[in-house]
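Just so you know, the sequences run in chain order C and U. In case it helps, the working numbering puts the first sequence at residues 61 to 413. In case it helps, the working numbering puts the second sequence at residues 61 to 413.
These aren't lab readings, by the way, just hints derived from the structure by calculation. Possibly wrong hints are sitting among the right ones.
Since the list gives no way to pick one copy over another, a pair counts as held whenever it fits inside one copy or between any two copies.
What the hints assert, rightly or not - In the EDC-like style, the derived pairs of lysine to aspartate or glutamate whose C-alpha atoms are separated by at most 20 Å in a straight line are:
| hint | residue 1 | residue 2 |
| --- | --- | --- |
| 1 | K244 | D98 |
| 2 | K289 | E351 |
| 3 | K87 | E357 |
| 4 | K292 | E351 |
| 5 | K73 | E195 |
| 6 | K384 | D71 |
| 7 | K105 | E351 |
Note that the structure is predicted; figures quoted are calculated from it, not measured.
Protein chains: 2
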Amino acid sequence: MKTHMMFQTVDWKNGCVVLIDQTQLPKRLVSVRCRRVDEVRDAIKKLKVRGAPAIGVAAAFGVLLAFRGVRTQKTQALLQQVKKASARLASARPTAVNLSWALERMGRLAQKNVNLSVSHFREALLNEALAIRDEDRSLCDAIGQHGAGLFKRGDRVLTHCNAGALATAGIGTALGVVYTAQDKGKNLSVYCPETRPLLQGARLSAWELVRRKIGATVICDSMVATVMKQGKIDRVIVGADRIAANGDVANKIGTYSIACLARIHKIPFYVAAPSSTFDFSISTGCQIPIEQRAPHEITQPFGQTTAPRGVQVFNPAFDVTPAKYITGIITDQGVVYPPYRSRLKKLLRSPCS
Amino acid sequence: MKTHMMFQTVDWKNGCVVLIDQTQLPKRLVSVRCRRVDEVRDAIKKLKVRGAPAIGVAAAFGVLLAFRGVRTQKTQALLQQVKKASARLASARPTAVNLSWALERMGRLAQKNVNLSVSHFREALLNEALAIRDEDRSLCDAIGQHGAGLFKRGDRVLTHCNAGALATAGIGTALGVVYTAQDKGKNLSVYCPETRPLLQGARLSAWELVRRKIGATVICDSMVATVMKQGKIDRVIVGADRIAANGDVANKIGTYSIACLARIHKIPFYVAAPSSTFDFSISTGCQIPIEQRAPHEITQPFGQTTAPRGVQVFNPAFDVTPAKYITGIITDQGVVYPPYRSRLKKLLRSPCS
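Chain C extracted, bound-state conformation (with noise of 0.2 Å):
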């Protein structure tokens, strides 16, 4: 039985670019559609789209939207628009390297073909997009089969934010995972940390799970330990951001503190990741840059006063968790164990190109 997807979340369409609306969720399921390049960058800003894998395709097709209204026979000129809306999407959000590898790769296509007609090269970079969303698909469904064997029948996972079908234009990196091992019958039940500040446990990977009819139970971040301490969890299952060439990973806030759990309560932990997330140009995780984010998304939200006036906050959007404390990373190309740097390099060749 094959896992089949339940809805888009990136997708081009009529010239535009559609997006379901993330911050919607889960109480209405909508689109939005993106006429300019600067509307797909604030829907990467505000997290209308996010999950490392769909802000790349998001940002690939942000890219055709330079074009709109442009009347020029220089391909030139078309080049010169996809540089200027590479930088502008380039600049939304700093820590997922998939949305620079996609830029790089549209970029390379771009420059490759700028000897073509205006026509022809338009048609050259709409393709090269149609190519990154149709492969972010195949990497799930890869991912999803090389992970599917990782799971017992009945195992209690425990996951974190969202790295499901709403974080990738496929069934998603993680709960991809989960959705393939289902299909195999091992009826799994997964536990969601609600995954504050803005909720993307609780209002996504819960919503994609109860729609799969999947058991899912949404916790605080805070009750991690304890459901582990309780036995309720066999197996952890995240993605990831950004992942460095020693297998140190940048995953949403929190990643790192379960893993610490993972590693006290003896569970294995893993992460799931195409290999558009592997940035072998960066030695260790030290070296990934973590996105700060708006103070008032911890001391208001919904609006609403949490915090006193006065106080400091630390917003981080991500964290860094080491290699040493990840049992196994899960990608398209096969399962990889430690020694990460040795084993990533040779399964994962130029993963960023």
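With the hints as your guide, set chain U onto chain C.
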């Protein structure tokens, strides 16, 4: 310089129990006046008053409300009212032992004085409740004095939930130690995990600290591991809702997670609690009843829906931190270090009497 109190969390005024309505903080500092036993019970259940010591004091005063409107000359009839009120109040929340401790103390006093006239009986019970309040204040001061020496100048402290003035009739337990150390010129700063689901860290601890002009930083609960890893935390200090004979500590959900993370990051982890919080009748933390609270605290914060219909929710209000993760327990009688079972027994003779 003496650490002074800035407000009265729970008190007895003109025949009423007067409480700061903590559900309104940090927006409004307002008090509620309870005239009936069930109003106090409701205030405890709804967390208008919370914090183990404060609940104990509120319950002691709450017993006195059983006499309102009762026109009898039979002390025996009043004793029955005391018993009835105690049963109602005791069932408000199960975990904090201070609640039953205070009620048992009121009950014993009532039983002992059943031969007094009605007016003397009422006076004796009022005096006992006032004594419980005043003793709690003194216990806080003593905890502060014993604990302050554990902090070094400039220490960056992490606490959890609220174990401050709002949790007691005095300056607080964990935060009482911080205030006392600060008054001794220690120049501390404090990280406050927001403490989902009800945000007592952000709403209450940060509010107290800002009022006292102590540097306070609010973080999400999922960020504790990160601030520890970044070397931003020198010491952890938390309160307790019940401590077993072996030193296992029940406290706000998330405490156990912080204790695990403190161990991994080699950061001292202290618990501060008055003798009224110890329950030598139970051998280990496994026997402490853990309150499960309503799912909507997690899935409908502030009336907003943050999780899909059909999802399960697990919402324990407390967790148990095993004694092995606790560096020291700061009591009103002094600081206790492992092995706890023998040393606690020696220091705190008949603590639940």
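Any of the earlier hints contradicted here, and which numbers? Violated hints: 1, 6; rest satisfied.
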